[in-house]
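A.B. asks: So you can see what is in the structure, the chains are spelled out below.
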Amino acid sequence: MNNKKGQIIAFDVFFALMVFSVIVGVLVFFWYENLENKLHETEVGRMHLRASTVMDSLVSTPGQPNNWELSGDANRVGLAFDRRVLVKEKLLALVAMDYNEARQVMGLSAYDFYLFLEQDWQIVATVGTESTSARKEVVIERVVEFEGKPARLYLKVYR
Amino acid sequence: MRENQQGSTSRFTGKGFVFSLDAFMAVILLITAFAFVSYSAFQEKVDPISRLDTQRQLNDTLDILDREGKLRAFDFQEIESDLNLLLSKNIEWRLKITQYEFKRGQFEKASETVLGNASVNLSEKNLVKGKRLFLSFKEDEVEYYSTAEYWAWLK
Numbered sequence: 001m002n003n004k005k006g007q008i009i010a011f012d013v014f015f016a017l018m019v020f021s022v023i024v025g026v027l028v029f030f031w032y033e034n035l036e037n038k039l040h041e042t043e044v045g046r047m048h049l050r051a052s053t054v055m056d057s058l059v060s061t062p063g064q065p066n067n068w069e070l071s072g073d074a075n076r077v078g079l080a081f082d083r084r085v086l087v088k089e090k091l092l093a094l095v096a097m098d099y100n101e102a103r104q105v106m107g108l109s110a111y112d113f114y115l116f117l118e119q120d121w122q123i124v125a126t127v128g129t130e131s132t133s134a135r136k137e138v139v140i141e142r143v144v145e146f147e148g149k150p151a152r153l154y155l156k157v158y159r
Numbered sequence: 001m002r003e004n005q006q007g008s009t010s011r012f013t014g015k016g017f018v019f020s021l022d023a024f025m026a027v028i029l030l031i032t033a034f035a036f037v038s039y040s041a042f043q044e045k046v047d048p049i050s051r052l053d054t055q056r057q058l059n060d061t062l063d064i065l066d067r068e069g070k071l072r073a074f075d076f077q078e079i080e081s082d083l084n085l086l087l088s089k090n091i092e093w094r095l096k097i098t099q100y101e102f103k104r105g106q107f108e109k110a111s112e113t114v115l116g117n118a119s120v121n122l123s124e125k126n127l128v129k130g131k132r133l134f135l136s137f138k139e140d141e142v143e144y145y146s147t148a149e150y151w152a153w154l155k
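So the protein sequences, as listed, match chains R and Z.
Residues 1 to 159 in my numbering are what the first sequence lists, from first letter to last.
Residues 1 to 155 in my numbering are what the second sequence lists, from first letter to last.
With the rest of the complex left out, here is chain Z (with noise of 0.2 Å):
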């Protein structure tokens, strides 16, 4: 018989004991049982279409936006407004417009502005990114020479 471990009446008491070590071991099975269950029930889950889907209203919209010349332009409270009307209403976005020009042989930073939703979590496992890369020309020669990268998630 174990000798460490109590169980059934005591001798002397005649008081009840519970079996510490089974009753352990069974809390530790139907632990790992619940665990096992909830983990595939309730993992957060990362949609790969959805995604995708993101991507391309970004995509699509920065590029009319580029084929209009808006982006050219930089009329931001345009671009931002366009952005809103276009995209789903189901998407947070944030876009970061960078300028550069070229000056001394080298791209050096003009201006960089930021529109949309200014806080973007980065850990969000449903969060799509990408850069469009655009030039604006004034008398036929490129002035600045931008980036417009974005981020965007599902609401």
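Next comes chain R alone, as it looks inside the complex (with noise of 0.2 Å):
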């Protein structure tokens, strides 16, 4: 041959071009898919670590002041007078509590929250409302001790 120009084959670019955006496509579509999912993670991650403290909170301290349940002014929610045992007056008062407040002495004014005692498979108290159309849903448990036998405290938190 004595044309040393080079020469492309419209077909097989074609097809290679087609192969490449294939392969591109799927490669972004994964990444976007994955970043996605972490966004969601963090946001979760947050979620879970905020409720997660305050629900520590509620089963290891009294709350600040720590008669808050007679003052009715609390800075801070607790209901413990010991470490996982829960005292039920602390705990009758927050579920009388307005919700709002509930929710802004607690710490999560940024979300919703549904918190609940079960003892023998009886739901004790309820405070705060059932999510039915949330985003995001967080759900901690805990074994605490009320009116001397085990019981079991979830806090839903949501948005």
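Read the hints as simulated data drawn from the structure, not as lab findings.
Each residue gets a CB set at the ideal place from its N, CA and C atoms; glycine is no exception.
Errors might be hidden in some of the hints.
Covered stretches of chain R (chain Z as the covering partner; in silico rule of three or more C-beta atoms under 8 Å from a C-beta of chain Z) [said to hold, decoys possible]:
no., region
1, 29-38
2, 62-75
3, 144-150
Need the complex rebuilt from these two chains, each delivered in its own frame; the hints are there to steer you.
C.D. replies: Structure (structure tokens):
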């Protein structure tokens, strides 16, 4: 062949471009999917951490002031008189508290929550409202003592 | 031109050849890109907050069983049923209770009992473990020094 000029075969180029585009498309799709999952996980992780901290404060501290259930003026809510031992009066005071005020003093003003105590398969007390259409939700569960018997306290935080 | 690499069309046979080095490089790049994307997308996740929650539930439950005197009573059936009742259903657990007696000026192992799931996968990423120490008394004197060692993981 005397003609030394390079040539391309149109069909080959077209086919190669197709394959290349499909591969790049798949990679981009996975990349964005992954990125979206990571963003979701980060936000859920933040909610989880917040809920876990609030729950720990509820089951481990009496709140601030210590007798907030009597004054009705709490800076921070706690339900325990000793670690993991809940006080009925504090729980009842939290049940009676306005939901938005409870969110505020529990440190959950950015979220909605539903707190409930279960003992012997019965729900003993509830605070807040159960989510019906939450996009993101985390549930924290702790084992506590209430009125001399083991019980389970659940905190659902959602948005 | 590359001597050792065939490309284009053979002068003699008219058959096409692949640029083997180019193809090799392209495949390597492709595999690297796929590996990078899939590594970050499908790598096994360690969830530190879930692990912390699991640990807290185990600590809560053992604390309450100790407070109620159930650990000290060594009623293993009751301990097992209480743990099954109180822990979340998505938690698998194993508890090893070891009793030590104070004899001849030192503690000697008296017994060892394993409750719950006997097989623990120690390489499980979300495995949590811990230990609780407790004493049991007889006529105001320490009868046993005991440890309750636990392993827990999510189902």
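A.B. asks: Against each hint, give a clear statement of whether it holds in the structure.
C.D. replies: Hints and how they fare:
1. For the region 29-38 of chain R, the stated coverage by chain Z holds: 5 residues have a C-beta nearer than 8 Å to a C-beta of that chain, and at least 3 were required.
2. Using a Cβ-Cβ cut-off of 8 Å, 0 residues of the region 62-75 of chain R lie near chain Z, which falls short of the minimum of three, so the contact claim is violated.
3. Given as covered by chain Z, the region 144-150 of chain R passes the check, having 3 residues with a CB less than 8 Å from a CB of that chain where 3 are the minimum.
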